[in-house]
Amino acid sequence: MSGLGENLQHDAGAIWRSMVPVWLGLLALLAATLAGAFMPLGRFNLILALAIAFTKAALVALFFMHLRRPDPLLRLAAGAALLFMAFMVVLTFADVLTRRQPTQPGTVTPRTFAPEPPAMGQRAF
Amino acid sequence: MSGAAAARHKPWRSLRREREAASFGTWIFIGSEAMFFAGALLGYAVYRTLWPEAFAEAGRETNLVYGTVNTALLLTSSLTMAVAAEGARARLRRLTLICLAATAVLGLAFLVVKGLEYREDIHKHLVPGPGFKLAGTPAAQIFFAFYWLATGVHALHLSIGIVIVGTLLVQAWRGASPLASPAFESAGLYWHFVDLVWIFLYPLLYLVGRS
Amino acid sequence: MSGITAERAAPEAPPTREDTYLTAETGLASWLLSTDHKRIALLYMAGLTLFFFVGAAGAAAVRLELFTPEANILTADAYNRAFTLHGTIMVWFFLVPSIPVTLGNFLVPLMIGARDLAFPRLNLISWYVFMAAGALAIWSLVAGGVDTGWTFYTPLSTAFANGHVLTAAAAVFVAGFSTIATAVNFIATVHLLRAPGLTWFRLPLFVWAIYATSLVMVLATPVLSMVLLLVFAERAFGIPIFDPARGGDPLLFQHLFWFYSHPAVYIMILPAFGVMSEIITCFARRQIFGYTFMVYAIVWIAVVGFLVWGHHMFVSGQSTFANLAFSFLSFVVAVPSAIKVFNWTATLYRGQIVFDAPMIYALGFIGLFTIGGLTGLFLASIPVDVHVTDTYFVVAHFHYIMVGGAVSAFYGGLSFWWPKITGRLYPEGWARFAAVTMFFGFGFTFFPMFIMGFLGMPRRYQVYPPEFQVWHVLSSAGAVILAVAYLLPMGYLAWSLFRGRRADPNPWGATGLEWQTSSPPPKENFRTLPVVEEGPYLYHPEHAGPPALEREPHRPQGSQQ
Chain A
22 MSGLGENLQH DAGAIWRSMV PVWLGLLALL AATLAGAFMP LGRFNLILAL
72 AIAFTKAALV ALFFMHLRRP DPLLRLAAGA ALLFMAFMVV LTFADVLTRR
122 QPTQPGTVTP RTFAPEPPAM GQRAF
Chain B
14 MSGAAAARHK PWRSLRRERE AASFGTWIFI GSEAMFFAGA LLGYAVYRTL
64 WPEAFAEAGR ETNLVYGTVN TALLLTSSLT MAVAAEGARA RLRRLTLICL
114 AATAVLGLAF LVVKGLEYRE DIHKHLVPGP GFKLAGTPAA QIFFAFYWLA
164 TGVHALHLSI GIVIVGTLLV QAWRGASPLA SPAFESAGLY WHFVDLVWIF
214 LYPLLYLVGR S
Chain C
688 MSGITAERAA PEAPPTREDT YLTAETGLAS WLLSTDHKRI ALLYMAGLTL
738 FFFVGAAGAA AVRLELFTPE ANILTADAYN RAFTLHGTIM VWFFLVPSIP
788 VTLGNFLVPL MIGARDLAFP RLNLISWYVF MAAGALAIWS LVAGGVDTGW
838 TFYTPLSTAF ANGHVLTAAA AVFVAGFSTI ATAVNFIATV HLLRAPGLTW
888 FRLPLFVWAI YATSLVMVLA TPVLSMVLLL VFAERAFGIP IFDPARGGDP
938 LLFQHLFWFY SHPAVYIMIL PAFGVMSEII TCFARRQIFG YTFMVYAIVW
988 IAVVGFLVWG HHMFVSGQST FANLAFSFLS FVVAVPSAIK VFNWTATLYR
1038 GQIVFDAPMI YALGFIGLFT IGGLTGLFLA SIPVDVHVTD TYFVVAHFHY
1088 IMVGGAVSAF YGGLSFWWPK ITGRLYPEGW ARFAAVTMFF GFGFTFFPMF
1138 IMGFLGMPRR YQVYPPEFQV WHVLSSAGAV ILAVAYLLPM GYLAWSLFRG
1188 RRADPNPWGA TGLEWQTSSP PPKENFRTLP VVEEGPYLYH PEHAGPPALE
1238 REPHRPQGSQ Q
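Chains as they are written, first to last, in my numbering: chain A, 22 to 146; chain B, 14 to 224; chain C, 688 to 1248.
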């Protein structure tokens, strides 16, 4: 695979030396996200947590999964899924975030979440 | 092509191309698995948007210690798996065997911790349905529906990964699977993907509503 | 006619026949354990034929019942199960696999000059998984069936349906694995196993179509798997995902379901587009008009097809903003399909059209697909959709595309490549008759549905007002004609296996690589792997019209070295 531009290590020590720093970085990010969860940041807690998660994911993908190799095919495969995931999320939220609440007074009775009778229907396999 | 090793399977004519194909095929499969988990995470995201307080209340009930320990275990197993795959490529038999074994052990440890956590969750009535702990917040059941579903499906994928790693370990130890086989790289990619899923599940299931 | 067909047949004196993939190994085990893509294609063909009959039985029950406005043959519950059976089996166990796993499996390696697919053992496993899923589906039928419709809408499917929803959902879930595995195989094959000289823009459009279909399969099917898993979990274990009483959102189910199911219809039609391009170029003796745009159109459909799913949900409670966005995107996705139809028509212009059976199927496809596609635009327009949604208008629309389009293309492709696959020629007269019958039978069956849908006849209804009966009778009568048109080819194709004339390597004088090897091909596809020197469809010199009365192609795409 040397044609794909990566440096092949050939002894155990070199392999460990290339991988352990990534692992230490991942553990540091784990500590960071854990600490960040306890900080009162309101909505930004989620954004911070996701940002750290994406960074961890990038480390795993680039170093452990060899996406640093300049192989356009693999990067394309990895990127394609992300693109379509984005399509799915964006258009679904285009619906979820823009629904209007029923507003006519007197026509909507308040919902109660009292436990309803169990739904009918054969749960047979 | 002088010196190119013969491929192990048809229709490939060289091992190099076969390795390339195995990597590419595994990445495409991982892409499909990513869409699979994305479907579940989309559901989670929609409900978290609709019921933020219920999710925060429910999120506080997950066991942060177990979750964090599991994350650390899985990250470490990714390290050992990456080293095993590199060791296989470098034809370092001892390194590969030790690291494959370590990966499997760490994976099993994850499952053990998960089992303990599940047992505790059941004990705390965190299973959706009648008798659910947070009876006053129906939408909290949805959080836990996703919790059980996502961690369950993840644990299933992890178990499959452990079986794959274990099989490779046995085959490599017996010499039935030469270290040059593309299987090590593919197994590594799969294992790292399972780790990636957990990297996203951890903040979404364990770090909600903690502040 | 006899002069042309005589050229295609091999000389009558039996030559010393070399081993083909059919004769290379014998015995049941050699078929059931074969990793040869050609044999696996035939294994799939057998399974698909079986499932086609099962799905058709559901349709027969529905159309029989609808002869009269009252309920005579089926109870309401049984009627629901009949149309659910029809939809579920036809979509997942016939149409989605159809062209890719039969023609695609057989032809893609041949067309790119490879000895097999990238992962032959995975190919065999896909077949076993598919058949296991089919067995589960049939078991759910035998055990009593499902009444939710093929769309499994919640909360009916999760909480209220009395039927074997879990089995049916499990069957479709398992079938999804087969689909994804096949798609991975095709994508890797097209990327990595092309013959020397075969660049991406020299690929036959059939290969491009299968490639794009595989991309859609790999990205969309997992979401279906997840949503079925969620439905399974909710129904089997009572955990709330879509249950409104506990804060669940039934519309979320629809988003996730249609995120797969709309691209699924592109999975069903893109391979048909590929078959069309192969047939039309060959039987008009023309290069394809606008090859590059045809490729871009395929890719555009595959990508934008993921962005339009909300048009199935215009009246479901989706927000107006989302409705507008999806409506706009649905108009956008119609453009590349139109480009393809224009280009096929332009390909026919100044061609030397021969009305062999594959060409009749292809011409029928162009007409029927155009009508189906245009009515899709009606449905993409929200005001019209509000009027005709959940009526027979929608039923007619999708049957025009899936049956008038995809099934016509399947039969056309089967006829076109039959000599290659089996080494036999089918009787041309019967084949043309069947093709024409299919076109008219289809029209009788489904055109009345547009009319009655617009007049208000709802879909999935067993009992209807008497004023619709005339349309239903027309439709059911047409269905009988259509059934004859489907059965006829099964008859004469089977006959041709034993008594048909043996075929030349290239009976149609086509240009693709698959025609440069014997009919049927040897097990390893080519004696020596071909080298490609030209683009596809070189039926005449560039920028020139076809030479009069010549039937041979100007130049084949490549040749064995």
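What the hints contain is simulated information worked out from the structure, not anything from laboratory work. Note that the structure is predicted; figures quoted are calculated from it, not measured. Just so you know, not all the hints are guaranteed correct.
Unchecked claim - Quick partial rundown of chain A residues pointing at chain C, CB under 8 angstroms, derived from the structure:
1. Phe65
2. Leu69
3. Ala72
4. Thr76
5. Asp92
6. Phe105
7. Met109
8. Val110
9. Ala115
10. Thr119
11. Arg120
Beta carbons: idealized from backbone N, C-alpha and C, even for Gly.
Now for the hints, and whether the structure bears them out:
no.	hint	verdict
1	Phe65	violated, 25 angstroms
2	Leu69	violated, 26 angstroms
3	Ala72	violated, 25 angstroms
4	Thr76	violated, 25 angstroms
5	Asp92	violated, 12 angstroms
6	Phe105	holds, 5 angstroms
7	Met109	holds, 5 angstroms
8	Val110	violated, 10 angstroms
9	Ala115	holds, 5 angstroms
10	Thr119	holds, 4 angstroms
11	Arg120	holds, 4 angstroms
Checked against the numbered hints given earlier, the structure breaks hints 1, 2, 3, 4, 5 and 8 and satisfies all the rest.
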